[in-house]
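J.: Which chain is which? The protein sequence lines are A and B, in order.
Residue 1 is where the first sequence starts when you use the numbering used here, and the numbers rise one by one after that.
Residue 65 is where the second sequence starts when you use the numbering used here, and the numbers rise one by one after that.
Worth flagging that the hints you see were computed from the coordinates, not collected in a lab.
Any given hint could be a false lead.
[Unchecked claim] As a list, the in silico SDA-like pairs of lysine to any residue whose alpha-carbon atoms are at most 25 angstroms apart:
hint	chain 1	residue 1	chain 2	residue 2
1	B	Lys173	A	Asp43
2	B	Lys173	A	Asp29
3	B	Lys317	B	Arg435
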Amino acid sequence: MTVRIDQTGCIGAGQCVLAAPDVFDQSDDDGLGIVLIAEPSADLLPGVRDAVDRCPAQVVTLEE
Amino acid sequence: MTEAAVCPVHHERDHPLQPPIGFAEAVSGGPVRMVWPNGVEAWMVSSYAGVRQVLSDSRFSTRKGGQPEMRTDDGEEVLDPDQPGNINGIDGAEHMRLRRPLSRGFMVKRMNELRPRIQQIVNEHLDVMEAKGAPADLVTSLCLPLPSLVIAELLGVPPEHQELFQATAGDLFGKNGSKDEYLAHATRLAEVLTPIVEAKRAAGTNDDMIGLMANDTDFSMDELIFLCIGLLAAGHETTSNFLGLFTLHLFEKPDQLEILRRDPSRADVVVEELMRYTVGQLGGPGLTRRATEDVEVDGVLIRAGDWVSVSLMANLDEALCPRAEQLDLERDAVSHLGFGFGPHQCLGANLARAELQIGLRTLFERFPNLRPAVPVTEMAYRNDMITYGAAEIPVVW
Chain A
1 MTVRIDQTGC
11 IGAGQCVLAA
21 PDVFDQSDDD
31 GLGIVLIAEP
41 SADLLPGVRD
51 AVDRCPAQVV
61 TLEE
Chain B
65 MTEAAVCPVH
75 HERDHPLQPP
85 IGFAEAVSGG
95 PVRMVWPNGV
105 EAWMVSSYAG
115 VRQVLSDSRF
125 STRKGGQPEM
135 RTDDGEEVLD
145 PDQPGNINGI
155 DGAEHMRLRR
165 PLSRGFMVKR
175 MNELRPRIQQ
185 IVNEHLDVME
195 AKGAPADLVT
205 SLCLPLPSLV
215 IAELLGVPPE
225 HQELFQATAG
235 DLFGKNGSKD
245 EYLAHATRLA
255 EVLTPIVEAK
265 RAAGTNDDMI
275 GLMANDTDFS
285 MDELIFLCIG
295 LLAAGHETTS
305 NFLGLFTLHL
315 FEKPDQLEIL
325 RRDPSRADVV
335 VEELMRYTVG
345 QLGGPGLTRR
355 ATEDVEVDGV
365 LIRAGDWVSV
375 SLMANLDEAL
385 CPRAEQLDLE
395 RDAVSHLGFG
405 FGPHQCLGAN
415 LARAELQIGL
425 RTLFERFPNL
435 RPAVPVTEMA
445 YRNDMITYGA
455 AEIPVVW
C-alpha cells in the first residue's frame with residue numbers, strides 16, 4: 001500500500017489533511033499536500049481512502 | 065434533439081429552505097437541455113457523479129464570456145471575461161499561477177491558528193447580543209460581522225481602514241444592482257485597497273494575505289486588487305448566509321438541533337452534514353462551464369462549445385449517501401459538493417468550516433433556548449449577488 005500525491009496537479013486545498021491528518025500535511029513553503037506516511041498501517045487506510053475520494057484535484061492515490 | 069425546456073431560474077419557493085418550485089422535477093433524469101432567461105441554451109447536470117465529472121474534467125472550461133448566469137438586475141454580466149485576477153474564469157496553468165499562492169494563505173494549519181481569534185470575535189458579538197436583550201437579529205448580531213471581520217484580518221486590512229473597508233464592501237455585495245452601480249462600488253473598493261497594497265509592498269511583509277500576494281508572487285496590481293475583492297466577496301456573503309441558513313434548518317428540525325446540543329464537540333461533523341444538506345436544498349443552477357471537446361456525461365453526449373451548468377442539488381443524490389434527502393447530524397462526514405469540486409473548489413472552505421463550526425457551536429452553547437421570534441417561513445429572504453439567505457433572523461432565548 002503506497003500513498004502518493006501528484007504535486008503537479010495539487011491545488012493545496014488541504015482536504016487530505018482533514019481526512020487523514022496523520023498521513024498528510026501541507027508544506028509551509030507552498031501549501032501543497034505532502035505525504036507524511038507513504039506506507040500507512042491498516043488502521044489509517046479508511047482516512048486515506050477518504051482523502052482519495054475528497055481530493056478536489058484528484059491527485060491523491062493509494063496503490064493497493 | 066428534444067425541445068429544450070425553459071429553466072426555472074428563480075427563487076420562488078414553497079418553503080424558504082427548500083428548492084425553487086419545480087426545479088427538482090425539471091432537472092431529474094440526467095442532463096437536460098434548458099433555456100436560460102437570457103436566451104442561452106445550456107445543459108443542466110444534477111447527478112452526484114455527473115457534477116463531480118463536469119467540475120473536475122479539464123475538457124470543461126471556466127472561460128465563459130457570455131455565460132448564462134444572470135448577475136445583475138439589468139441582466140448584464142458583471143465581469144469582463146478578461147478581467148485580470150478573475151480566478152474563476154481561467155483554467156490550467158494560468159489558474160494554478162493564481163490559485164497556489166492563495167492556497168498557501170488558506171492552509172489547514174493557518175486556519176487552525178485563527179480559531180482562537182474567531183472564537184474571540186464570536187464571543188464578543190454574542191456578549192453584545194445578550195447585553196442588548198431579546199429579541200435580536202442574528203444576521204446583524206453575528207452572521208454578517210463574523211466572516212467580514214475575519215476576512216479583513218486575514219487579508220491584513222489595517223484597523224484604521226476597517227470601517228471604510230467594511231462599508232464599501234457592504235455596498236458592493238449587500239444588494240443587487242445595475243452593472244454601473246457594481247462597477248462604481250468596485251472602483252471605490254479598489255481605491256481603498258490600493259494604498260494598503262502599496263504599503264505592504266514597501267514593508268516587504270508576508271504575514272497576511274495581502275502581504276503574501278504583494279511580496280511572494282508575480283501578481284500585477286490589477287490582479288492583486290481584483291483577487292482581494294474576490295476574497296472579500298466570498299468571505300462577506302457566503303459564510304454569513306450559511307451560518308443563518310444552518311440555524312434556520314436546525315430551528316425547523318428540533319430533533320436534529322438536539323443532537324448538536326447533546327454533543328457540541330461534534331460541531332465539525334455537524335457542519336459537514338449541514339453544508340451538504342443546505343446546499344442541496346438551495347437547488348437552483350449553480351456553477352457554469354463550457355465544453356471544449358465532445359464529452360459524455362451520464363450517458364449523454366455534450367458537444368464541444370455547449371454550455372453546461374451543474375446543480376448542487378447533487379448533494380441530495382442517493383449515490384452520495386443513503387437517505388440523502390434527509391438531514392442526519394449523526395451521519396459521518398461524506399464527500400459532499402457543498403464547496404464545489406475540482407481545481408476551482410472553494411478556496412476559503414477551511415476558513416468557512418472554522419467559522420461555521422465555532423459560530424454554530426458557541427451560539428447554541430451560549431443560548432441553549434435560542435428559538436425564532438417569528439416562524440421561519442415568515443422571515444424575509446433575499447438573493448444577493450452571490451448567494452441566497454435570510455435578510456433577518458429575529459431570535460429570542
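J.: Evaluate each hint against the coordinates.
T.: Each hint tested on the structure:
1. Between Lys173 of chain B and Asp43 of chain A, the direct Cα distance comes to roughly 23 angstroms. Compliance with the 25 angstroms bound is thereby established for this hinted pair.
2. In summary, the hint linking Lys173 of chain B to Asp29 of chain A is supported, as the alpha carbons are separated by about 13 angstroms, within the 25 angstroms threshold.
3. A threshold of 25 angstroms between alpha carbons decides the hint, and for Lys317 of chain B with Arg435 of chain B the separation of about 12 angstroms falls inside it, so the pair holds.
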